[in-house]
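K.L.:
Heads up: the protein sequence lines correspond to chains A and B, in order.
Take the first sequence: its letters are residues 1 to 307, numbered as in the numbering used here.
Take the second sequence: its letters are residues 1 to 276, numbered as in the numbering used here.
Just so you know, these hints were derived from the structure itself, not from any lab.
None of the values given here were measured: they were computed from a predicted structure.
Here a beta-carbon is modelled for each residue, glycine too, at the ideal position from N, C-alpha and C.
Just so you know, not all the hints are guaranteed correct.
Claimed, not checked - Among chain A residues calculated to face chain B with C-beta under 10 angstroms, some are:
(1) T21
(2) Y271
(3) G282
Claimed, not checked - Residues from chain A shown here face chain B by an in silico Cβ test under 7 angstroms; the list is partial:
(4) G18
(5) P143
(6) F153
(7) I266
(8) Y285
Residue strings, one per chain:
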Amino acid sequence: MGTLPGRRLVLLLPTVLGVVTLVFAFLHLLPGDPVEIMLGDWAAPADAVALRRDLGLDRPLAAQYVRFVGHAARGDFGQSIAFRAPVARVIADRYPATVELAIAALLLAVGGAVPLGVLAAVWRGRALDRIVRLASLAGVCLPSFWLGPVLMFAFAMRLDWLPVSGRGGLAHLVLPAATLALGMGGILVRLTRASVLAALGEDYVRTARAKGAPRWRAVGVHALRNALVPVVTVLGLQAGALLAGAVITETIFAWPGIGRLVVQAIQARDYPLVQGCVLVIGVTYVAINTAADVLVRAIDPRLAEPA
Amino acid sequence: MTSRLGVVAGVAGLIVIALAGAAAPWLAPAGPYTPDLGARLGAPGGAHLFGQDTLGRDVLARVLYGTRISLGVATAAVGLSLAAGTVLGCVAGYAGGWVDEALTRVIDVLLAFPGLLLAIALAAVRGPSLPNVVLALSVLGWTGYARLARAAVMSLREREFVAAARALGARPVRIVSRHLLPLAGPVLLVQATFGMAGAMVAEGSLSFLGVGAPPPLPSWGAMIDEGRPFLLVAPHLVVFPGLALALAVLALQLLGDGLRDLLDVRLDGAGRMTPS
Chain A
1 MGTLPGRRLV LLLPTVLGVV TLVFAFLHLL PGDPVEIMLG DWAAPADAVA
51 LRRDLGLDRP LAAQYVRFVG HAARGDFGQS IAFRAPVARV IADRYPATVE
101 LAIAALLLAV GGAVPLGVLA AVWRGRALDR IVRLASLAGV CLPSFWLGPV
151 LMFAFAMRLD WLPVSGRGGL AHLVLPAATL ALGMGGILVR LTRASVLAAL
201 GEDYVRTARA KGAPRWRAVG VHALRNALVP VVTVLGLQAG ALLAGAVITE
251 TIFAWPGIGR LVVQAIQARD YPLVQGCVLV IGVTYVAINT AADVLVRAID
301 PRLAEPA
Chain B
1 MTSRLGVVAG VAGLIVIALA GAAAPWLAPA GPYTPDLGAR LGAPGGAHLF
51 GQDTLGRDVL ARVLYGTRIS LGVATAAVGL SLAAGTVLGC VAGYAGGWVD
101 EALTRVIDVL LAFPGLLLAI ALAAVRGPSL PNVVLALSVL GWTGYARLAR
151 AAVMSLRERE FVAAARALGA RPVRIVSRHL LPLAGPVLLV QATFGMAGAM
201 VAEGSLSFLG VGAPPPLPSW GAMIDEGRPF LLVAPHLVVF PGLALALAVL
251 ALQLLGDGLR DLLDVRLDGA GRMTPS
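This is chain B alone, in the form it adopts within the complex (with noise of 0.2 angstroms):
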């Protein structure tokens, strides 16, 4: 009963953010790049509801044109990494033998290092724009997927349904992307929830730390590492667009949830990506 309210709860909070994204432009008609110098850190109230910024820039226009940042580059990188993953595991969990072993060694690897600690690193040295975040989120997003369908194919690969399908001349491709992937497609899809709350954060983490968007993009944690300096005058600067990713964060977190016990999902180990 509750795990069902969780969904409904996700899935409306997803909703509402999309559309706050989406309709950024008739709710904050400024725009998020308009300056006003002789309004800088000006309050929340009147016609600037969420105050100003440290440029005078409408804080709600960037808070709304941000969540288009965080939720394209959530699900530009999830996306990949799903994809990626997916075909990797299920290769690697129906070859078996030395293609398994080397891509269960690779895997290991980039799963010994804190999964920010390699993004930063690979954002650093390609230089901060939002195609290098989505790609280092996925250079290491890939694994979780990869070993949930490499376990799940390999789990099934010896049941009689396959072994039938076999007999009736289905060729690898087609056994594996119409009878094993399917089954696994619960867990996949659990994972891939919790990943795109993952990757909201580390892409505010990467922007907190100036290696994810350039300015003046409106991401989120850009805005707060902006606003930092002046919490004490403009505490808004912070407040607001922190609420933004934390809001994201908890439907994505109530969907997750909520799937997870309505499809009776298990996940081995925690979420990667998850840096705080």
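One chain only, chain A, in its complex shape (with noise of 0.2 angstroms):
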């Protein structure tokens, strides 16, 4: 068990090399000369010359490459343009509000979603169930780019109950983690009604009820912690809707993260600030997912032996 999140590791390097080398290509991949394109027509030569020499653009290939790589592994993603500064510390600056949106998303999210999806299961076809079910369609088919704005429109501007937007205190953050959470919640809900259900008709069910155990133990500790499998799984690959969300929600609610860096930056052609903000988020992404993986065997070990 001890040597397993160590194995997941040494696994994960080749796929964050992989994103490493898709952001690397991404320069690249702009049509025509990204320098003429990030300083516009009317820079004077001298300065291409320089962001040139910056980005490492008048080496060869395989140079640039392995220049890229190392820079990245020490942490370093060159300069931003518009921002005029390292790109890391931009990032460090903006990294810390998303952290605080997504943690405050998906503590909403899971905990409206794990009780409600229960208590679904629980009571199978009552008056509880449908509406949990019609609501946690609702949540799936609500686009968030819709969503947060009509939010916004009915407690912020109509009720005046929340700010409208901006990073402040704890009000700030209601509108645009519930934005977020009702969408990855939808999900939630259904999957955990779901698998509670599939959980509630096996046999380890029925023999924890038959030894006496209350009905709330056999479905709150026998039943539910099997159905956390896949709504463990699937919170992991949800992690990241969440960061792809949040360059939505924080865009709508002027969030000062790194999904509206990503917008701004792509704005204003500050490539090197893009390519920072998408290794980023592609590396907590994958730490996310790891970190799921694990949790995921804790909890069912008979997944922890290895296949």
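Dock the two chains into a complex; use the hints.
P.N.:
Below, the structure written as structure tokens:
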């Protein structure tokens, strides 16, 4: 068991290297000369030469690649053109805001979805089950770029309960976190309900009941633990959706995180910054999925045995 | 019983949506581009059932014409992804060895990014246009189909009917296309249904962020973005395109859920490309 996280970390290396390679290739996918695109038509030739040297574009491709990988491994993603600061520092300034938003959304989604999913499964076919299923379908179908403005309109503009946008106290966090959480919660409720239903039909739940375990214990301990395996797996996958969803949500609510940064960087054609953001988000995603994998194996020891 | 109901409701919904898009010129004769600067942000009612937008254009017409963009982009993106993914997945699954190893590595790396982020980066690099949206969505959309096709082919490759076909002199292309692929059909169909919903939301997201459909095209995502600053005075600019998209996604979701239960299909992992 103890070596398992270590083994997963080793398996991670090729994927992370692939992510770095893809991000490197990005600059070379640009139609035309990246320096010309970034500086515009009116750039002084001296500036173009300097930027070309900064980006290492005056060297052979293989040398550029080695340099890029080497720098990335040390957390050096070059200079941001728009911010006139190291990309790593610009990202480090924004990263905590995105983490804060993601954790809030995750807590909200899991805290709402898992109990509702369990209750819907236990009271299958009753009124609560129907309401929960309908609400979860709505959560799945309503796109965040619509839900965000609508929530903002209702709770910030009309009712004036919450701030419209920006980052501040807890009140600022509610609307963007709810926007992110509703879509994710819809998926989680459906999944929790389905897997608790499946677990309730298993022999070990009947055995637990037969041995005198109260109903809440049979459901909450025996069934739920097994039902959580697919939920945690999808949670890991959804964490990626959370990071991508943050691009939209942060843009709507002017939340100063990395998602909004990436949009600003794209609009400013600040490609070193785009590369840095994409790389950081990609590596975060890989890390979260690995963590979910390890967690799943801790919940279900059967999966920990090598195949 | 309910899964059959879901399939019927989903198909009916999709037919209505497609008809609305096809009949747009008759349902909204004003057209999606005719400005009426005297009636900017006009409220819903009268000749303009859904109201008028920032340039006085008819919102109903724009929502109806938007159907064509949403459905068209999603169909093209899913079609391309499905074709490319199926071919690559079959080749990898049947050939095995280093071909399989290489493809699996590529898929792992592509899956290491949140799908929407990669699409945003790609679309941004290539400039806002509908073909670029289709390209961006396809470049990362094919992985899901490739994984399913690969898994299906691998699990069936050693079965007796395949050995029999081989003994009769059937070549790999024939074995895969005639004997293996039809069995993978239901899984791919269900995935493609959810993929359509995902692609519609993704197109809307890209257009919302300004890297999708270029103005003045009436993409639902772009319309929501345009309406955002006027939320307090003209909420209809945001409400109607959002409802249209939600209805389309709902129809596909019902269809996908129903088909999955009817065909008894199990998908590994969650469908990709669901950004919200």
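K.L.:
Taking the hints in turn, state whether each one holds.
P.N.:
Hints versus structure:
1. The interface hint given for T21/A is met, as the beta carbon of that residue sits about 8 angstroms from the closest beta carbon of chain B, less than 10 angstroms.
2. A least Cβ separation of about 8 angstroms between Y271/A and chain B falls short of the 10 angstroms threshold, and the interface hint therefore holds.
3. Because the closest C-beta pair between G282/A and chain B is about 5 angstroms apart, less than 10 angstroms, the hint holds.
4. The restraint placing G18/A at the interface with chain B holds, with a minimum CB-CB distance near 3 angstroms, inside the 7 angstroms limit.
5. About 5 angstroms separates the beta-carbon of P143/A from the nearest beta-carbon of chain B, less than 7 angstroms, and the hint is met.
6. Look at F153/A: its Cβ gets to within about 5 angstroms of chain B, closer than 7 angstroms, so that hint holds up.
7. Annotation: interface hint on I266/A holds; nearest CB of chain B at approximately 4 angstroms, less than 7 angstroms.
8. This hint holds: Y285/A has a C-beta 6 angstroms from the nearest C-beta of chain B, less than the 7 angstroms allowed.
In this structure, every one of the numbered hints holds.
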